[in-house]
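All chains should be built: construct the whole structure from the sequences, respecting the hints.
Going line by line, the protein sequences match chains A and B.
One point on numbering: in this note's numbering, the residue at position 57 of the first sequence is 57, and numbering is uninterrupted.
Just remember that this note's numbering sits 1000 ahead of the position in the second sequence, which is counted from 1.
Worth flagging that the hints you see were computed from the coordinates, not collected in a lab.
All values reported here derive from a predicted model rather than from experimental measurement.
All C-beta atoms, glycine included, are put in the ideal place defined by N, C-alpha and C.
It cannot be assumed that every hint is accurate.
Claimed, not checked - No more than 35 Å apart at the CA atoms, straight line, and that leaves these computed lysine-lysine pairs for DSBU-like: (1) A:LYS253 with B:LYS1138; (2) A:LYS198 with B:LYS1170; (3) B:LYS1021 with B:LYS1138; (4) B:LYS1021 with A:LYS279; (5) B:LYS1358 with B:LYS1315; (6) A:LYS279 with B:LYS1335; (7) B:LYS1175 with B:LYS1021; (8) A:LYS279 with B:LYS1334; (9) B:LYS1144 with A:LYS253.
As the list claims (entries may be wrong) - Here are a few chain B residues that face chain A, going by a calculated C-beta distance under 10 Å: (10) SER1134; (11) PRO1135; (12) LEU1136; (13) ARG1159; (14) ARG1162.
To be verified - Partial list, derived from the structure: chain A residues whose beta carbon lies under 7 Å from chain B: (15) HIS255; (16) PHE282; (17) ASP286; (18) GLY287.
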Amino acid sequence: MAVLTYREAIRAALSEELTRDENVVLLGEEVAQFHGAYKVSDGLLEKFGPKRIVDTPISEAGFIGMGVGASMLGIRPVMELMFWSFYSVAFDQILNNAANVRYMSGGLINCPIVIRGPANGGTNVGATHSHTPENVLANHPGIKVVVPATARDAKGLLKSAIRDNDPVMFLENTILYGEKGEVPDTEELIPLGLADVKREGTDLTIVTYGRSVLHSLVAADILEKEHDVSVEVVDLRTIRPLDIDTVLASVKKTHRVLIVEEQKPFASVGSQLAFMIQKEAFDELDGPIHRLATIDAPAIYSPPVEVEQLPNPQRVLKAALAAVA
Amino acid sequence: MANIIEMPKLSDTMTVGTLVKWLKKEGDVVKSGDMLAEVETDKATMELECFFDGTLLKIFSPAGSQVALGAALCAVGKPGETVEAPAPKAAPAAEAPKPEAAPAASAPTHAPAPAAPVVASEPARASGERIKISPLAKKLAAEKGIDPARVTGSGPGGRIVRADIEAAAKAGTAKAGAAPAAKGGATFAGGTVGAKGPLQQERSVAVSTMRGVIAKRLLESKTTIPHFYLEIEVDAEPLLALREQLNKGLEAAGVKLSVNDFVLKASAEALRRVPDVNASWHGTEIRYHAAAHVSFAVALPDGLITPVVFNAHDKSVFEISKDAKSLGKKAKDKKLTPAEFTGGTFCVSNLGMMGIPKFLPIINPPNAAILGVGTTVTKPVVKNGQIVVGQTLTLALSADHRVVDGAVGAQFLGALKAVLESPALMLV
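This is how it looks when you write it as structure tokens:
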């Protein structure tokens, strides 16, 4: 297996899909000549030309709307948001139009658009650039939401997202772009809606996704070595469709649950998970469901404080010990 | 003018009631006949009925508090009416129950290696207190037949978690239905040899209403009634044979008679023959009772209660058996009404099922006597000049010498023996 960075894995997925299907195009601010604000699309303009790798104006409402329209006519656009934080400029295009078009056309019109870009805090870019809208997106039926944690998942899930006939929101992470991981040399399509047990354990299930998976794995090692607690880490990978079966199977094994999410806690993905777990596995729970989220405040600008606002291995460790008490 | 509802006398021995829970809340519209609250008396948990139509304006006694007889519980009146808090009545026992000692070891311990959870064979908390237990532990307890009331929780806030139930199951303690007497270890629970750790959590538990009543009444009995004791050995073979015959023959009809059912019936019959024992002391007079209302002791997780088989002298052994089963179940469910556990004229206490060969019970006032029933013992007996294997049953009578003299007590036991040894008499 090749070792790729998360960034390279996404680029490889784009490149493979652009090669496979001429209807696949990449549009976004600075994706072509500047090779993407985070260099994800490095080399793609040179390889696929300006008709398929297209720079757009700084107008999310405009270019996302254009992409939604194009997808309705058979193009498979991959739209890059420089920051997912600016999805709200195109809220109507994404969550009112793209989400509903198949339903409202009686299934006659598909909307095979992928909107991707980083959605994370922790880089000292301030409150307006640090949103994590997966819960808001997932609240809309008709929308699929993917938050990959590793290079392998990023590649396999992005390829599936591009081939999917529904609008797929693909939330990356600027801090993960440089993270390396093994990626199979042969083509791998990871189905949307399939969670992955990243680490097996018997005493506590940590349900998580995105960058928090890495924090949880670090904490799980410490818990094993220093506290004799065996942790199972379930990476959701896809927020919607949600693979609750894998989560419940793990809960039935460990009987204790901690949800870790880089999300503001109010009405978050974790809130929904906690509801579903207690509803389906009430008699399996040996303690209340615990949750570790981003501290409920706008993204804090001070870098040292922002680290503490977000999930980190020490915060996960503390929350895990409370969850197994 | 709002109506103040006070703590009623729900049983003849009640002095305080514990307000278990309110079924209505302030502001609720209530009407006559509605149930306002659940009240635990010294013996049973009962519902408090409303006799007024109106709005529940104010609750004076929160759930969990102990309230003296006659003290104000709540006010019912017209919406918007103002209610003055009534002057508190002096009530020595009316203070709120003391909180249980905070459970030790609330520091985070984790599931795989809990610090040897302590399992108490006694109820682990005051009666009526809500048991904190995780859903999983609750399910496991049901599967393993563990009574959570007897398990001390090691989780946060004393919550019973999986590890506590598993430890209880392993130690063989806290079996549901097992009477507290089992703590003596009639059966040796294997696997605990060399077990380390404390016997149980060091703790103080507030005296429940029921324990308070047991303490008060039995202390009064033992210190004011001049008890005397008589024993007699009964040949139990004919009784056991008859019981087997009946149970076999009536199996299809769902009839299963216990030895105790026969003892209750025989006691009623013996009281008919020696009615002087069916009496009670009232200071300046002795009351002789026309009917044999035979009560029997039922062990509960947090005490005991003596429901009454009324008019046992006029009932067949089948009717007595039916009554006893139904009363026993109600007693375990704490659903007995005061009418069902007061008014007995004679009491039977049976520890035979626990393997006790004989014992001398304390009289249950105002009864003049109580019968202690042991287990049937297989042992050598002399019959027709030969030593043979026999089945015997030892009965002990504790009697109030103010009412009953030794000779009368002896006549009573003699009559009881005669009936039990010719048990067919009980069927005609």
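Structure-based check of all given hints:
no. : hint                     : verdict
1   : A:LYS253 with B:LYS1138  : holds (17 Å)
2   : A:LYS198 with B:LYS1170  : holds (34 Å)
3   : B:LYS1021 with B:LYS1138 : holds (22 Å)
4   : B:LYS1021 with A:LYS279  : holds (27 Å)
5   : B:LYS1358 with B:LYS1315 : holds (27 Å)
6   : A:LYS279 with B:LYS1335  : holds (32 Å)
7   : B:LYS1175 with B:LYS1021 : holds (28 Å)
8   : A:LYS279 with B:LYS1334  : holds (32 Å)
9   : B:LYS1144 with A:LYS253  : holds (19 Å)
10  : SER1134                  : holds (4 Å)
11  : PRO1135                  : holds (5 Å)
12  : LEU1136                  : holds (4 Å)
13  : ARG1159                  : holds (7 Å)
14  : ARG1162                  : holds (4 Å)
15  : HIS255                   : holds (5 Å)
16  : PHE282                   : holds (5 Å)
17  : ASP286                   : holds (4 Å)
18  : GLY287                   : holds (6 Å)
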